[in-house]
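**Student:** Between the sequences and the hints, there should be enough to build the whole structure, so can you do that?
Per numbering that gives the first Met the number 0, the very first residue in the sequence shown carries number 0; after that it's consecutive.
With a Cα cut of at most 30 Å, we get these calculated DSBU-like pairs of lysine-lysine:
1. Lys65 x Lys32
2. Lys65 x Lys29
3. Lys29 x Lys81
4. Lys65 x Lys81
5. Lys32 x Lys81
Don't read these hints as lab results, they were simulated from the structure. None of the values given here were measured: they were computed from a predicted structure.
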Amino acid sequence: MNTATDSAQHKRPARITPQSLRERAISLHKQGKVAEALAGYQAYLSARPGDADIWTNLGAAYRQLKHYQLAISSYHRALQLKPHDAGILSNLGNALKDADRLEETIECHRRAVNALPDNAQFRFNLAVSLRDDNRNELAITELDTLLVTQPDNPHYQWDKALNLLALNRYQEAWPYYEARWRTG
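**Tutor:** Dropping the structure here:
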C-alpha cells in the first residue's frame, strides 16, 4: 500500500470560502480577466455584502466593460458602506463622467477633494471635470492650487493652457501651452 498515493486519492477538494472567492476575483481582475472577476465579485458579495472594497472593485470592473450604470450603482453601494471615502467618491465621479453626468461628476470630485484636499489626483479630476463643463475659471483655480506644489507638472500646465485658451486669454496660455510636448 502506497500511503502517498492513498492520501492523494482521499484528499478532499479545497473548500470554497468567501475569502477564497474574494482573493480569486481580485487575482482575475489583476490578470485582466474582467468578466470572470465580475462573477467572482458577485459570488463573494452574495455571501459578504458589507465589503465596500469589493463593491468598489465591482464598480471598476463594470466601468472597464463600459457598463457605466452598473458601475455607478456599485460605487453607490460602496458609499453606503463608507460614506466619506474619498477614493470611492473619485471613482464614482469618473464613472459619472463616462456616463456624461457632469453635474454629479463635479459634485463627487468636489466631495473627494474636500475629504482629502492634498490629494493631487482628486483635485486634478475636479479640474478636468470643471473644464469639461466649461467652468474654466473654476478649473484654473484648482489647477493653480496644484501648480503651487508641482509647478513643472506638464499635465497641470497643459490643462491650464486649455482653460485659458477657452477663455480667449491667449497670451497667458502660451507659456503653459508648450507643456503639450512633455505630457507623453
